[in-house]
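These protein sequence lines map, in sequence, to chains A and B.
Going by our numbering, the residue at position 47 of the first sequence is 47; the numbering climbs one at a time, nothing skipped.
Going by our numbering, the residue at position 33 of the second sequence is 1033; the numbering climbs one at a time, nothing skipped.
I should point out that these hints are in silico values taken from the structure, not numbers from a laboratory.
There's no promise every hint is true.
[As the list claims (entries may be wrong)] Facing chain A, from chain B, some residues (calculated, C-beta under 8 Å):
#, residue
1, ARG1004
2, ILE1020
3, ILE1047
4, LEU1055
5, THR1060
6, GLN1064
7, GLY1100
8, LEU1135
9, ASP1197
10, PRO1224
11, ASN1226
12, MET1241
13, GLU1251
14, THR1258
15, ASP1264
16, ASN1268
[Said to hold, decoys possible] Simulated crosslink set (DSS-like; lysine-lysine; CA at most 30 Å straight-line):
#, chain 1, residue 1, chain 2, residue 2
17, A, LYS304, A, LYS346
18, A, LYS116, B, LYS1255
19, B, LYS1025, A, LYS255
20, A, LYS58, B, LYS1058
21, A, LYS255, B, LYS1116
22, A, LYS304, A, LYS185
23, B, LYS1346, B, LYS1304
24, B, LYS1025, B, LYS1185
25, A, LYS115, B, LYS1255
26, B, LYS1084, B, LYS1058
27, A, LYS25, A, LYS346
28, B, LYS1389, B, LYS1346
29, B, LYS1255, B, LYS1116
30, A, LYS58, B, LYS1346
31, A, LYS25, B, LYS1255
32, B, LYS1185, B, LYS1116
33, A, LYS255, B, LYS1255
34, B, LYS1116, A, LYS25
35, A, LYS25, A, LYS345
36, A, LYS116, B, LYS1116
37, A, LYS346, B, LYS1058
38, B, LYS1115, A, LYS58
39, B, LYS1116, A, LYS115
40, A, LYS48, B, LYS1048
Keep in mind that this is a model prediction, so the values were computed, not measured.
Where is the CB? At the ideal position from N, CA and C, for every residue including glycine.
Protein chains: 2
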Amino acid sequence: MAYRFAARMGKTPRSFIREILRVTKDRSIISFAGGLPNPALFPVDAIKEAAIDVLTEKPTEALQYSTTEGYLPLREWISERYQKRAGLSIPPENILITNGSQQSLDLIGKICIDKKSPVAIEKPGYLGAIQAFSLYEPQFHPVGLELDGPDIACLEEIVRRYSPQIFYGVPNFQNPSGITYSDEKRREVGEMLSGTDTLFIEDDAYGELRFRGDDLPLVHQFLPENGIILGSFSKIIAPGMRMGWIAAPQEIYEKLITAKQASDLHSNYLSQLIIHQFLASHDIESHLRLIRDSYRRQRDCMVKAMEEFFPQEVTFTRPDGGMFLWATLPDGISSIDLFELAIRKKVAFVPGNPFYTDGGGSSSLRLNYSNADPDSIIEGIRRLGEAMKSLIG
Amino acid sequence: MAYRFAARMGKTPRSFIREILRVTKDRSIISFAGGLPNPALFPVDAIKEAAIDVLTEKPTEALQYSTTEGYLPLREWISERYQKRAGLSIPPENILITNGSQQSLDLIGKICIDKKSPVAIEKPGYLGAIQAFSLYEPQFHPVGLELDGPDIACLEEIVRRYSPQIFYGVPNFQNPSGITYSDEKRREVGEMLSGTDTLFIEDDAYGELRFRGDDLPLVHQFLPENGIILGSFSKIIAPGMRMGWIAAPQEIYEKLITAKQASDLHSNYLSQLIIHQFLASHDIESHLRLIRDSYRRQRDCMVKAMEEFFPQEVTFTRPDGGMFLWATLPDGISSIDLFELAIRKKVAFVPGNPFYTDGGGSSSLRLNYSNADPDSIIEGIRRLGEAMKSLIG
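Put together the whole structure using the sequences plus the hints.
Shown next, in the form of structure tokens:
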């Protein structure tokens, strides 16, 4: 038979990262390509303990169908965390548990994006968001990122001309660039979008992973009516359980519930209860310190190696948190060419192009430091430096 | 601000069942409204044991990001089960693990349905499918159900006139009607769709729950090229982990992977490993026998009570498996009126109308027997019979 597919399926980029991860399954390759948290930091014993507690004390609640919104005590924990961390008052009634941020992005796309809807997104932008939104066939309007956040004049112009449904951004330790919005830029984004009909989708997947400097306010506090926050347990506990959340104003929340119910009824309750039990019975702060300390060491090691081994013409960001940094080759040098050379030297990264919705990024690359030990980081960066030198000539 | 939503959000029916379940949270109500498996049959100790094993032996695999397709040993188990149960050869490479059948339906909608795409669906049809597909804005073409399966002439006419992208059906112990396609109807559906460009989406969520008579072949064997099968662990292990699967031909499978990845990267790995560990170390057959025996007793109890307490003019199905049966009031008597009367007598069910994509079903109702004990079944049916009598007069 001739299979017929919906038009949207023709518009979705195949995940370049997924293809790359296939190449890098070769264990002899040092990979900076993925976006994996460091599994040595998973709180395995505490999760096991929590699983036993849940399946001993609340098995029926963990295993039966339940409410679309998610496990209330877990939503209460998230609500309290916003209060404590950011002084934000977000009631549990406005928090929906999802299967990780990727599903949050899909649900946002589902309720907000029609074919050709204008959508503003950072340039470079998070690939998972580009993929999720693409299936709803928007018109992307990229907003250039500077070292301290979005190009405000560009964002203003896009909002004025196109009135996008949403502006999607990652203010803390952005994926892929590693940059963080400054205090001033946060305020500017907030004030500019307030009073418009554009929602700011604030993806805060890495917000708890600051290992240098002080926390900055969430952009949300400058535009509470226009703000949706996405959060995730993937980077602070473990990603395999696929658990994240959306915090949204009431009217939007109700649409999200309809979309979530049609998408999969509700998120995995066993894992919701396990995560809540873990949070209730363990010191999350000391666990977060472990992660931050480790990522700071890994990041410092990578930056130091880059300073030593990369040609001087190559520039790169120096993140204050998160899992990624971003390097830029001299004009005219292609990161895809570099990738091919690097793979022969058994080292991998993600070329910049897939992070651009307008075809740019051909001289840039994303490097992940959270899932490699210091020796591999040094050796991998050394090889990558060699590859760069031979390409730049 | 003025919130703007995608056009599809205006077309989604609010879940009537969800509203009803809210009403029936009142513990004093005897509810036949939900679709919950009997939690007394959840294999709690075995799941706890499996969880401990997984978190002791494979914690990193269970907790790290992983492949979109799902855990290979679990897909192998499913593949072998098809071989054993139905003599079907479906390789693990064609099986995708999803967050339960509801997500399978959403993914099918995402890859197959454009705005106004023709979609054939049973009448009455499964509400979860109506909800999931509605978000992709199809044109529904209902195919009447008879006691032995779909009205073949009607299906043939729809296929000839509209060439629908898909025909969605539940051949075993259909939700909501409880009917099962006969051997002959299975063959007829298969032969009629073979050679057309219409896919048959065979939702087999209840297939393992036959408590009377012999298993019939899956429709799939009569149209392997046109067939997609949906399966679920919700009814045979527990629904709270949200775990199901799709078996699809290669070309469709690849689109499903793209859609699944954009939707949530992959399903919960901890739960996939727990379910596989449970299946690998326990006798699923003896567990299934427990469920079937219990549901047979519950169904027999309900049918007997209906024969005793319902007015003679009320007809109803007598299912050979699954969790639901379907009653029809005399013409002109409304099941919504009955619902209101019944709630006052503290008994609940789902009126038939939401199961119809063309506005019918106003004299019918769905009754669930899997989640009520015999005493409640008898008392609830007695009260419902009283309500019927006072309504019919």
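Status of the hints after comparison with the structure:
no.: 1; hint: ARG1004; verdict: holds, 6 Å
no.: 2; hint: ILE1020; verdict: violated, 14 Å
no.: 3; hint: ILE1047; verdict: holds, 6 Å
no.: 4; hint: LEU1055; verdict: holds, 4 Å
no.: 5; hint: THR1060; verdict: holds, 5 Å
no.: 6; hint: GLN1064; verdict: holds, 5 Å
no.: 7; hint: GLY1100; verdict: holds, 6 Å
no.: 8; hint: LEU1135; verdict: holds, 5 Å
no.: 9; hint: ASP1197; verdict: holds, 5 Å
no.: 10; hint: PRO1224; verdict: violated, 10 Å
no.: 11; hint: ASN1226; verdict: holds, 6 Å
no.: 12; hint: MET1241; verdict: holds, 5 Å
no.: 13; hint: GLU1251; verdict: holds, 5 Å
no.: 14; hint: THR1258; verdict: holds, 6 Å
no.: 15; hint: ASP1264; verdict: holds, 4 Å
no.: 16; hint: ASN1268; verdict: holds, 5 Å
no.: 17; hint: A/LYS304 to A/LYS346; verdict: holds, 21 Å
no.: 18; hint: A/LYS116 to B/LYS1255; verdict: holds, 22 Å
no.: 19; hint: B/LYS1025 to A/LYS255; verdict: holds, 23 Å
no.: 20; hint: A/LYS58 to B/LYS1058; verdict: holds, 24 Å
no.: 21; hint: A/LYS255 to B/LYS1116; verdict: holds, 22 Å
no.: 22; hint: A/LYS304 to A/LYS185; verdict: holds, 28 Å
no.: 23; hint: B/LYS1346 to B/LYS1304; verdict: holds, 21 Å
no.: 24; hint: B/LYS1025 to B/LYS1185; verdict: violated, 39 Å
no.: 25; hint: A/LYS115 to B/LYS1255; verdict: holds, 19 Å
no.: 26; hint: B/LYS1084 to B/LYS1058; verdict: holds, 28 Å
no.: 27; hint: A/LYS25 to A/LYS346; verdict: holds, 11 Å
no.: 28; hint: B/LYS1389 to B/LYS1346; verdict: holds, 16 Å
no.: 29; hint: B/LYS1255 to B/LYS1116; verdict: holds, 20 Å
no.: 30; hint: A/LYS58 to B/LYS1346; verdict: holds, 27 Å
no.: 31; hint: A/LYS25 to B/LYS1255; verdict: holds, 23 Å
no.: 32; hint: B/LYS1185 to B/LYS1116; verdict: holds, 28 Å
no.: 33; hint: A/LYS255 to B/LYS1255; verdict: holds, 27 Å
no.: 34; hint: B/LYS1116 to A/LYS25; verdict: violated, 42 Å
no.: 35; hint: A/LYS25 to A/LYS345; verdict: holds, 15 Å
no.: 36; hint: A/LYS116 to B/LYS1116; verdict: holds, 17 Å
no.: 37; hint: A/LYS346 to B/LYS1058; verdict: holds, 27 Å
no.: 38; hint: B/LYS1115 to A/LYS58; verdict: violated, 43 Å
no.: 39; hint: B/LYS1116 to A/LYS115; verdict: holds, 14 Å
no.: 40; hint: A/LYS48 to B/LYS1048; verdict: holds, 10 Å
Checked against the numbered hints given earlier, the structure breaks hints 2, 10, 24, 34 and 38 and satisfies all the rest.
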